[in-house]
Amino acid sequence: MAGMRRSICTTFIMCLLLGSCTKRVETSSDQACARSGGSINAQIATYDVAVGPPSRFITGLLTEDNRLVSFGQVKLRFAYCGTKDAPRRGDFDDVVEANFLALPPALGETAPPVREGPAAGPASHGRGVYAAQVSFDKAGFWRMEVRADLVGEGTQMGVADFEVLSRPLVPSPGDSALSTENLTMSSTDAPKEAIDSRAATDEGIPDAELHQTTIAQALRDKRPILVVFSTPVYCQSRFCGPVTDMVAELARDYSSRAVFIHIEIWRDFNARTINKAAADWLFRNDNLNEPWIFLIGADGKIVARWDNVATRGEIEPLLAGLPAS
Amino acid sequence: MSGLAARKWARWWWRITLLVLLASCGGGESTTGIIPVDGRRVPAEQLQKSVAHLCTAQSFVGREDLENARATFQNLAHDDLHTLADAIDELDRSAQSQLLRAKNRVESDFSAGDLSALKADFPGLIDAAEAALSVLQIEEPGCPRSS
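The listed protein sequences correspond, in order, to chains A and B.
Residues 0 to 324 (numbering that gives the first Met the number 0) make up the first sequence, in order.
Residues 0 to 146 (numbering that gives the first Met the number 0) make up the second sequence, in order.
Note that these hints are calculated values from the structure, not bench results.
Just so it is clear, the structure is predicted and the values come from calculations on it, not from any experiment.
Errors might be hidden in some of the hints.
What the hints assert, rightly or not - If you want a taste of the chain A side facing chain B, the calculated C-beta under 10 Å gives, among others: (1) Gly-120; (2) Ala-199; (3) Arg-271.
Claimed, not checked - With a straight-line Cα cutoff of 20 Å, these simulated EDC-like cross-link-like pairs (lysine to aspartate or glutamate) come out: (4) B:Lys-48 x A:Asp-64; (5) B:Lys-48 x A:Glu-63; (6) A:Lys-137 x A:Asp-206; (7) B:Lys-118 x B:Glu-66; (8) A:Lys-221 x A:Glu-180; (9) A:Lys-191 x A:Asp-206; (10) A:Lys-74 x A:Asp-84; (11) B:Lys-118 x A:Glu-202; (12) A:Lys-74 x A:Asp-93.
Note that the Cβ used here is the ideal one computed from N, Cα and C, for glycine as well.
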């Protein structure tokens, strides 16, 4: 009897040990939220996803060997996976086509030639994200599935999970712009770096035309405003692009149609102090993502916003549609 | 085998099995040389290589080969420099700041196509990247003397 008990006990402990050593294996399932990985590493590049009408959704794609996927179109599907307290297995919605958005070239550089895509390659072939207009009807956790028919490599798939909030964290189209007093060239109570982080490495404050006025003043003057919140030196996104340079170029071309403002994120990077205007607009839940661009109408309402990756092709038509003053 | 010997053998068999099983439990990915960065697990070697790629880019700059210098920097070093900067975010803000500033200088030099500025600024970027590696206690590979 004792031997039998020992044997049962041994078997039980062995099962426990074997169980603890067994790695969890994801089983294939038709249920969207139960599926695993894929060979593409998809990174959700949109910062602030919320329930509401269709808005820009962007994702960056990398292959397993860290090559960037660029050009052409990819197919996206989304599935609602419930909330933390009530998870669901979900089903994918209809397919959405997402187009490649190339990062603007750095000042003085030319954009790489457009290639057949989607294709995986080095950054010099083209760096950017895929964008689609997508709406979400429920707050909670969602899963994105991406399928890319890579040139010469066949169809590859990836998934990424993200949270959809019940309402945007950051001011969004239709909201009134925040009447903030950002730093300008005439601010004497702040270091030059707080006006533009490039002042740390350049001789002076670059793009002086972007630091002439405040959002509050432009709102009082009832002028349309294109404002970029960015930190050219301390940008930490893999998709960092010369967004401030692009806004400076737009300022030169469309100064009669809008006021152009650059707001530096950091008052003191080393001390982790954020400029107040940047904090008022973007600091949420102990976190701040950048860059952001907002187009504000003459009526003080936000017309459009672009997060993380923004291109001249998306912004220029809206500026061109504004009346010249 | 007597009952006593059998019990002894069973005890030893059980201990050996237990040891084998416990050892196999640790048979997954080694944690040595893995740096946690923003929820990702990045091999230290990958960050070390970013400095080696900077050395290669610098050697192209030395030979006044701007295009290969740019391609090496952009394709092989740039993203891992961002990862390196992220990795030290909570550890040494000053070293992170130095690294990002030095990277920005070199990027501006590339944008301007200014070879003499690149020659002047590349050593500072390599120093800053090596300082970031040392914050993470990763051995600094150093550039070959010829570069």
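For each hint given before, does the structure comply? Return the numbers of the non-compliant ones in rising order.
6 and 10
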